[in-house]
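Colleague: Protein chains in written order, with the numbering used here: chain R, 1 to 432; chain G, 1 to 507.
Don't read these hints as lab results, they were simulated from the structure. You may find that some hints are simply not true.
Computed Cβ-Cβ distance ranges for the label pairs, DEER-style [claimed, not checked]:
| id | chain 1 | residue 1 | chain 2 | residue 2 | range |
| --- | --- | --- | --- | --- | --- |
| 1 | R | Q299 | G | D202 | 36 to 46 angstroms |
| 2 | G | K156 | R | Q299 | 20 to 30 angstroms |
| 3 | G | M379 | R | T293 | 40 to 50 angstroms |
| 4 | R | T308 | G | D122 | 58 to 68 angstroms |
| 5 | G | E269 | R | G224 | 50 to 60 angstroms |
| 6 | R | G402 | G | C54 | 45 to 55 angstroms |
| 7 | G | F98 | R | S374 | 31 to 41 angstroms |
| 8 | G | A322 | R | A262 | 50 to 60 angstroms |
| 9 | G | P219 | R | P193 | 51 to 61 angstroms |
| 10 | R | K328 | G | Q292 | 14 to 24 angstroms |
Virtual Cβ for every residue (Gly too), placed ideally from N, Cα, C.
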Amino acid sequence: MASVTFSPDDRYNAFITTLSGAETGPGRLSGIPVAVKDNISTRGIPTTCASRILTGYIPPYDAHVVTLLKREGAAIVGKTNMDEFGMGTTTENSAFGPTLNPADPTRVPGGSSGGSAAAVASGMVRMALGTDTGGSIRCPAAFCGIVGLKPTYGRVSRYGLIAYANSLEQIGPMARNVEDVSLLMEVLTIHDPRDSTTIACPYRHTPDPTIRGLKIGVPEEFFGEGVDPRVASVVWEAITRLEAQGAEIVTCRMPSMAFALAAYYVTCTSEASSNLARFDGVRYGPQADTRRTWHESFQEQRREGFGTEVRRRIMLGTFALSSGYYGKYYAKAQAARQQVRNDFLRLFRTVDVIAGPTMPTVAFRLGEKTDPLSMYLSDVLTVPANLAGVPAISVPCGTSEGLPVGLQVMGQWFRDENVIDVAAACEQGVSS
Amino acid sequence: MSATPVTQPANTGMAIDDEVIVGLEIHCQLDTKTKLFCGCSTDYRDDPANTHVCPICLGLPGSLPRVNRKAVEYALRVGKALNCGIAPEAEFARKNYFYPDLDKGFQITQYDKPIAVKGYLDIEGDDGEKRVRITRVHMEEDPGRLVHKGAADRPKYTLVDYNRAGIPLIEIVTEPDLRSPKEARRFLNKLRATLEYLGVFDSEKEGSLRVDANISIQPKGWFEREGKGKADRGRVEIKNISSYKGVEKALTFEITRQKNLIRRGQKLESATRHFVETRGVTTSSRSKEMEQDYRYFPEPDLRPLRVCDWAMEIVLPELPDARRARFMEQYGCSPIHARTLTGELKLAEFYEKVADIDTALAATWIADTLLGELNYRDMSITLVPPEQFRELLVLLREGSVTDKSGVEVLRVLLDQLKETGRCEGARACVDRLGLRIIVATPTLTGEDPVMEAAKEALAEQPQAVADYRAGRKEALNFLVGQVMKKTRGCAKPGDVNKVLADLLEEG
Numbered sequence: 001m002a003s004v005t006f007s008p009d010d011r012y013n014a015f016i017t018t019l020s021g022a023e024t025g026p027g028r029l030s031g032i033p034v035a036v037k038d039n040i041s042t043r044g045i046p047t048t049c050a051s052r053i054l055t056g057y058i059p060p061y062d063a064h065v066v067t068l069l070k071r072e073g074a075a076i077v078g079k080t081n082m083d084e085f086g087m088g089t090t091t092e093n094s095a096f097g098p099t100l101n102p103a104d105p106t107r108v109p110g111g112s113s114g115g116s117a118a119a120v121a122s123g124m125v126r127m128a129l130g131t132d133t134g135g136s137i138r139c140p141a142a143f144c145g146i147v148g149l150k151p152t153y154g155r156v157s158r159y160g161l162i163a164y165a166n167s168l169e170q171i172g173p174m175a176r177n178v179e180d181v182s183l184l185m186e187v188l189t190i191h192d193p194r195d196s197t198t199i200a201c202p203y204r205h206t207p208d209p210t211i212r213g214l215k216i217g218v219p220e221e222f223f224g225e226g227v228d229p230r231v232a233s234v235v236w237e238a239i240t241r242l243e244a245q246g247a248e249i250v251t252c253r254m255p256s257m258a259f260a261l262a263a264y265y266v267t268c269t270s271e272a273s274s275n276l277a278r279f280d281g282v283r284y285g286p287q288a289d290t291r292r293t294w295h296e297s298f299q300e301q302r303r304e305g306f307g308t309e310v311r312r313r314i315m316l317g318t319f320a321l322s323s324g325y326y327g328k329y330y331a332k333a334q335a336a337r338q339q340v341r342n343d344f345l346r347l348f349r350t351v352d353v354i355a356g357p358t359m360p361t362v363a364f365r366l367g368e369k370t371d372p373l374s375m376y377l378s379d380v381l382t383v384p385a386n387l388a389g390v391p392a393i394s395v396p397c398g399t400s401e402g403l404p405v406g407l408q409v410m411g412q413w414f415r416d417e418n419v420i421d422v423a424a425a426c427e428q429g430v431s432s
Numbered sequence: 001m002s003a004t005p006v007t008q009p010a011n012t013g014m015a016i017d018d019e020v021i022v023g024l025e026i027h028c029q030l031d032t033k034t035k036l037f038c039g040c041s042t043d044y045r046d047d048p049a050n051t052h053v054c055p056i057c058l059g060l061p062g063s064l065p066r067v068n069r070k071a072v073e074y075a076l077r078v079g080k081a082l083n084c085g086i087a088p089e090a091e092f093a094r095k096n097y098f099y100p101d102l103d104k105g106f107q108i109t110q111y112d113k114p115i116a117v118k119g120y121l122d123i124e125g126d127d128g129e130k131r132v133r134i135t136r137v138h139m140e141e142d143p144g145r146l147v148h149k150g151a152a153d154r155p156k157y158t159l160v161d162y163n164r165a166g167i168p169l170i171e172i173v174t175e176p177d178l179r180s181p182k183e184a185r186r187f188l189n190k191l192r193a194t195l196e197y198l199g200v201f202d203s204e205k206e207g208s209l210r211v212d213a214n215i216s217i218q219p220k221g222w223f224e225r226e227g228k229g230k231a232d233r234g235r236v237e238i239k240n241i242s243s244y245k246g247v248e249k250a251l252t253f254e255i256t257r258q259k260n261l262i263r264r265g266q267k268l269e270s271a272t273r274h275f276v277e278t279r280g281v282t283t284s285s286r287s288k289e290m291e292q293d294y295r296y297f298p299e300p301d302l303r304p305l306r307v308c309d310w311a312m313e314i315v316l317p318e319l320p321d322a323r324r325a326r327f328m329e330q331y332g333c334s335p336i337h338a339r340t341l342t343g344e345l346k347l348a349e350f351y352e353k354v355a356d357i358d359t360a361l362a363a364t365w366i367a368d369t370l371l372g373e374l375n376y377r378d379m380s381i382t383l384v385p386p387e388q389f390r391e392l393l394v395l396l397r398e399g400s401v402t403d404k405s406g407v408e409v410l411r412v413l414l415d416q417l418k419e420t421g422r423c424e425g426a427r428a429c430v431d432r433l434g435l436r437i438i439v440a441t442p443t444l445t446g447e448d449p450v451m452e453a454a455k456e457a458l459a460e461q462p463q464a465v466a467d468y469r470a471g472r473k474e475a476l477n478f479l480v481g482q483v484m485k486k487t488r489g490c491a492k493p494g495d496v497n498k499v500l501a502d503l504l505e506e507g
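Let the sequences and hints guide you as you build the complete structure.
Modeller: This is the structure we're talking about:
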């Protein structure tokens, strides 16, 4: 079997692990170097989630998507940096140090799939896999100026993805153009019965930028308080270009945006508090001190192994699920989540896709966001798609202060093809 | 705190108008080939630790559960057999707690949407037929198992074996409808029989059944008046009872302990206690465990189960009550025999394999004799080859051996089976031991062995003969005994009586 030489100058700290002689074979991705986010299990290759708690863990099995990549001949050349367990918007919360934004190395690449975005944006790889729980593919795609798709929930198997928030997250493709994102999407959507939350719905599609007659809904809330007016105007220009290409623009309302962020953070921290319980040092990870009682050793293991943000989210989620608070937080968040779904259902009765900015601002400076709450607020435009499970793409649509701005396009459930087409049209508009 | 020593017999301390209130939670392993959420084999019992594991049942990061269809079908069978309603939408939930044998840090179970609810099981209660209400039946996975190394009281270190992790369990919860340890035992026997008839449970597998029992002693009629949760006297949950006998023992112990406390005027607090099988006592466990907040929430990796329609299609096999009725109808079994014979699936099947020889004879010999001999030897009916038992029944029916010899042969055969797993033929055994019946011929030629023995006995016991002749008729019984001894029980008592009477008459 042939192998691909990979010895990149990783000046942006995009990778946690690189593999110099990755194997490649025949297939649609033959010879193409692909980077994989380090929360996706790779047999025989350390998979860390950018956490100390997984030090030394080498998965004995491949994630379904990794099997699919290999089947198509892709060369998996490295595992990319990320916010620990996906918990962050900047890729600064990593046990392996922050990743830098290739568009401006004094800025963050976004997160949590910042390593994958930087690896693609810098040209080290042609494509990468990211994961998106509340914007973790779209945010770094927007900040680094590449294309990233969060598929419909249930279209790509999560088998082998180390869970942060199971009901929200999907694995998705990231690349410099829509065509490559589409190609990767074809590979990733082969059905896997091991993930009970998927349905068999393979993506077979060639991006088609003709959008004549397509109805694009633009919710007012996506241009509301907190959205940088300079970013807003770049996105409006892109939407106007789509109109010029024949699309019909319909302004609309999405009232559930008012509590989407709260619903998102209660849900993802609750699920995370449970998902991350398994990291106790008994089966893998650094050896616990066995002279202590098991609960003492569990405590120490978890205190030492998890970073600050992960510990904060575990605490929040544990609280939200506690008896006496469940109804007030978790149950309420699920009710709010249903309202978000209902908003999408209502809007999709009259429009084909929904568009707006991916992020309220351009990439932050490294170290700029120190207050967790203001960091959480920057996810406000990306979380609705995760709460509803609809497909959403971020595609470069211009620059502000010389930094990339992303247009976000959200589509109907299992119509990932539509958002790909709109992204292709946007891409055409930007390049022409 | 150690167990309170038993100083009083069980029947003191309790006021006449108190009654015992018992509810059970029973965990049964479903006898599927593979685990609940992965393809690992469930046949782990004789294999080395951690050999029946995969990324899923080890809870490795990134693995996802997938529901075993067969396990759901088994749970539905149980729900239907216990006359439960099947939930239109059942849901798996996570029960979050830390323990080294729990590889994901949570157990996948069912919480507020169990697969089956509100059923009942009829049992033979202390005062006749009794309906025990079933609160719910839910599905869950078994955790792994801790293996403590070193001395039993102070283990040096502990190993974890995940072979058991992911074995499908059902938990069956009853309403507090049981009123004595004996009723609890009868309920469990009936439940076990039902599960076995359904083909979903193998009671012979070690650890396949575990019981938690809730028990309190309340003024008579309190439960009917007040229902759950308002008692003066606390309720004790006894955890982790792993045998049928253990349940009766644990409850009996606990009743004695609680009565003693009541008698001394002490307040009974609600508590969790552990049953120590080897000592037959319950001991207090840390109160910390009671206050656990399991933070249940719906399992996001699995879809809700919508299995109502499927449940309707499932046809149940014949269950114990129906079989009991059929045994009375078809074989003319007495109600008691029918109940005993159908109380275990394998026993019922055994009976039906030999019943054609003589339905009444077979019923008596299995229910009254074989079962006792098996219990005495702690043997299972499955070890007994029906052919050998058939042969014995034939010998008994044709009058070739006496009942007494029949028992002797049975004991010999069972001892052989227990020791070697095999036994000789019943007929061969009779001949080898010379137990074939001695039939008295009515002639007085002296060639008849019964006649021989009788003559010998009369010659040896002149005093008895004299007593008889003097009108002390009970001396005949003594002489009969002497003849029986000489013929090693192979003569029919009626024959011996007659021959002796004839000889004494003559003389």
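Colleague: If a hint holds in the structure, say so; if it does not, say that too.
Modeller: Tested hints:
1. Here the CB-CB span from R/Q299 to G/D202 is close to 40 angstroms, well matched to the stated 36 to 46 angstroms.
2. For the pair G/K156 and R/Q299, the beta carbons lie near 22 angstroms from each other, so the given range of 20 to 30 angstroms is met.
3. Checking the proposed 40 to 50 angstroms range against G/M379 and R/T293 shows it holds: the Cβ atoms sit about 43 angstroms from each other.
4. The hinted window of 58 to 68 angstroms between R/T308 and G/D122 holds, with their beta carbons roughly 60 angstroms apart.
5. The given range of 50 to 60 angstroms is respected by G/E269 and R/G224, whose C-beta atoms sit roughly 57 angstroms from each other.
6. For the hinted restraint 45 to 55 angstroms between R/G402 and G/C54, the CB-CB distance of approximately 51 angstroms keeps it satisfied.
7. For G/F98 and R/S374, the hinted distance range of 31 to 41 angstroms is satisfied, since their beta carbons lie about 33 angstroms from each other.
8. Judged by the Cβ atoms, the range 50 to 60 angstroms given for G/A322 and R/A262 holds: they are separated by roughly 57 angstroms.
9. At roughly 57 angstroms, the beta-carbon separation of G/P219 and R/P193 lies within the given 51 to 61 angstroms, and the hint holds.
10. Taking the beta carbon of each, R/K328 and G/Q292 are about 20 angstroms apart, inside 14 to 24 angstroms as hinted.
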